[in-house]
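Using the hints provided, position chain B with the ligand relative to the given structure of chain A.
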Amino acid sequence: MLSKPVKQALSGWGQYPVESCYVYRPEMIKELQTLLSERDGSFISYGVGRSYGDTALNKGGNVIRMDRFNHFLDFNEETGMLTCESGVLLEEIIDVFLPRGFYLPVTPGTKFVTVGGAIANDVHGKNLHKDGTFSEYVQSFELLTANGEVLLCSREENADVFWATVGGIGLTGIILTATFQLIRVESAYIDVTYERARNIDEAFEKFIAHDDDYKYSVAWIDCLASGDSLGRSVLMRGDHAKREDLPASIMEPLKPANKLKATMPIHAPSFVLNHWSIAAFNELYYTVNKDADKIVEQSSFFHPLDSINDWNKLYGKKGFVQYQAVFPKNENPKAGITKMLEMLSKKKTASFLAVLKSSGPANDGLLSFPMEGYTLALDIPLKDDSLFPFLRELDELVVSHGGRVYLAKDSSLPQDTFRKMYPKWEEFLTVKRKVDPNDRFSSSMSRRLGLTD
Amino acid sequence: MAKILILGATSSIAQSTAQKLAENGHDLILTSRNTEDLNTLKRDLSIRHQIDVKLKPFDALDFDHHEAFFSNVVEETGGLDGILLMYGAMADQKVAETDFEASRQMIDVNYTSAVSILNIAANYFEKKRHGIICAVSSVAGDRGRKSNYIYGSTKAGLSTYMEGLRNRLHEKGVQVMTVKPGMVDTKMTYGVVKDSPLLADPDKVGKDIADGIQKKKDVLYTPWFWLIIMLVIKLIPEKLFKRMNL
Ligand SMILES: Cc1cc2nc3c(=O)[nH]c(=O)nc-3n(C[C@H](O)[C@H](O)[C@H](O)COP(=O)(O)OP(=O)(O)OC[C@H]3O[C@@H](n4cnc5c(N)ncnc54)[C@H](O)[C@@H]3O)c2cc1C
Chain A
22 MLSKPVKQAL SGWGQYPVES CYVYRPEMIK ELQTLLSERD GSFISYGVGR
72 SYGDTALNKG GNVIRMDRFN HFLDFNEETG MLTCESGVLL EEIIDVFLPR
122 GFYLPVTPGT KFVTVGGAIA NDVHGKNLHK DGTFSEYVQS FELLTANGEV
172 LLCSREENAD VFWATVGGIG LTGIILTATF QLIRVESAYI DVTYERARNI
222 DEAFEKFIAH DDDYKYSVAW IDCLASGDSL GRSVLMRGDH AKREDLPASI
272 MEPLKPANKL KATMPIHAPS FVLNHWSIAA FNELYYTVNK DADKIVEQSS
322 FFHPLDSIND WNKLYGKKGF VQYQAVFPKN ENPKAGITKM LEMLSKKKTA
372 SFLAVLKSSG PANDGLLSFP MEGYTLALDI PLKDDSLFPF LRELDELVVS
422 HGGRVYLAKD SSLPQDTFRK MYPKWEEFLT VKRKVDPNDR FSSSMSRRLG
472 LTD
Chain B
5 MAKILILGAT SSIAQSTAQK LAENGHDLIL TSRNTEDLNT LKRDLSIRHQ
55 IDVKLKPFDA LDFDHHEAFF SNVVEETGGL DGILLMYGAM ADQKVAETDF
105 EASRQMIDVN YTSAVSILNI AANYFEKKRH GIICAVSSVA GDRGRKSNYI
155 YGSTKAGLST YMEGLRNRLH EKGVQVMTVK PGMVDTKMTY GVVKDSPLLA
205 DPDKVGKDIA DGIQKKKDVL YTPWFWLIIM LVIKLIPEKL FKRMNL
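Those protein sequences? They're chains A and B, same order as listed.
Once you know that position 17 of the first sequence is 38 in my numbering, the rest is easy, because the numbers rise by one and skip nothing.
Once you know that position 144 of the second sequence is 148 in my numbering, the rest is easy, because the numbers rise by one and skip nothing.
Pulled out of the complex, with its shape left as it was, chain A reads as follows (with noise of 0.2 Å):
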């Protein structure tokens, strides 16, 4: 049986855009095999929509929904490699296997992502300076391409859609499943070092010194704070705790925490998030976090938003837009950092707060995003369109500086920019057509990008 389309207005974590398109929720391989060759259309992925724009998103045509594929196939105990399904939520890894002493090796800022949507993504975690993406972790993964064939993608076997799929935003086919190795930890908990710095070159010393010593590394920027504060931050570094290094009181070590979970019920009026809220938020953030060893446990680290549901609707019924860059080492990092930090504390409809981070070198993925230097991102809230052109300032600071913005939290780069961000795209185009050379799959981000008609 062919299973049935919803017509949906879908839009991405950031509620903006919001584009009317048929979702289908198929639940065996089977029926995405009859959908592609029965009908028409174009098609694209979705894993839960934790993008921030339009990765996932096809205006007026086909989205597949794939969180029904959320089996786990094969677990080998000795050496932590995993299988499952593409639909597979790293939270659900978290809850099944650090009991076990494993955990995740790359997680991203939020544990509701899918398995297919962190390839996809190619996304990276607080250790991308010392360990790179998800993908670094895979060691291969199926792949339906638009004729119905199941390819099995490796850095051995069709290498050349391996590297096109990893940060391939779902144009290639759907990912069915994937195989990735797990990590050994002896708790379920982090020993962090917070650490504040007064500025942005204090940030930076900081980041310099002493990024090695840690597998995790992240700075929370108050983007209000101007002149000699520019860029002042609290620097959060650590590493998985050892059992000794635990508290007594803690009497099960690798038991992940039940927290309650706080929900969001409305879209916040757009007064509540301004210019002094957001200042007062911010100064209070930084007085609070005294320098200070604490040990953690690894969800509040990690993924502290995910314990409130629907956070997004904070920032309003318009929306906001994520903005992720990354500045290349060799370029003068610190320079592109501090001048997009002074547009943001001079435009005042600013972002709540930035992450600063160091990347490592850049892997093989045609499309993927880390560079060896350093990231930046922003929530900016979308109050009007005014928005775009100041984005469209930071864009070319970013290609000034021989950067790119992080296509998983894109809404509105332009294809021109897009090209010159993403230097590997035609080797892209060649890989996408030759598995589809129809361009069945696409979507509104590879139509604005010029990646598909």
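No wet-lab data here; the hints were simulated from the structure.
No false leads were mixed into what you were given.
In silico DSSO-like cross-links for lysine-lysine, where the CA-CA straight-line distance does not exceed 27 Å:
id, chain 1, residue 1, chain 2, residue 2
1, B, K198, A, K334
2, A, K276, B, K46
3, A, K28, B, K191
4, B, K211, A, K276
5, A, K334, B, K208
6, A, K80, B, K191
7, B, K184, A, K25
8, B, K98, A, K28
9, B, K208, A, K276
10, A, K25, B, K191
11, A, K51, B, K198
12, A, K282, B, K24
13, B, K208, A, K28
14, A, K25, B, K198
15, B, K24, A, K276
16, B, K60, A, K51
17, B, K46, A, K51
18, B, K98, A, K25
19, A, K25, B, K208
Now the stretches of chain B that chain A is said to cover, found in silico as 3 or more residues with beta-carbon under 8 Å:
id, segment
20, 40-48
21, 185-197
No residue lacks a Cβ here, since even glycine has one placed at the ideal position from N, Cα and C.
This is chain B with the ligand only, laid out in the frame that chain A set:
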């Protein structure tokens, strides 16, 4: 810890019930017509919950082999503690009104086959003086409505059968539970029932069923509000009801 046989384990409700039962540490024997479809579920359950899962082919309409099927399962498991009947068939009402084959398919799958296999199970558990018999019926069996009374009547038959069986086995220490789900967000309803607040998540229904077994319930409406809805619907006098478009 118990060994529980689930008939028709591929449906979303069956899958989530299996997850909850496995979480509670029960070993499972899963059936479907095609066990290949179940292999993924078996692997998932054994990785997540580190339990023993067996797969068996079972054809509801192959009445002649039900006896052999059941004794084979009992023999291989060294004794069963429960049986859950979770399959069903639903044809379009309009089609079933003119095509008796479509009606008969529903009657045979939902009612005749249930009587066949549950009779066998009942005699087994009665002798053991222990066990759980559970079948998924439907709120549609509580009152005949013009939109789906043929399907509804097969479920009404099943519900009445279960009620009688409960009456018979109560003193033998066997739990007989009838499950009456409302609309559930499954493949059957996706794209058909639009965004209704009454549409339940299969995980919720699966949890209710596993909890119901634990709590030794007799009749389980899931989600619970269907108990109230059906109470009201059953109270409407026939004089009025026959004029309603339900
Ligand atoms: C609060 C928050 C914090 C975040 N923090 C980080 C972070 O620290 N680092 C980071 O890298 N990202 C971060 N992200 C972004 C997020 O990790 C990615 O956008 C992720 O890819 C979302 O996964 P998803 O399963 O929701 O996929 P979706 O958003 O639904 O889809 C993402 C892309 O994957 C494709 N896709 C999905 N499933 C498949 C499949 N089975 N086969 C082929 N293609 C598929 C889609 O077509 C789309 O292009 C964050 C997001 C949020 C909301």
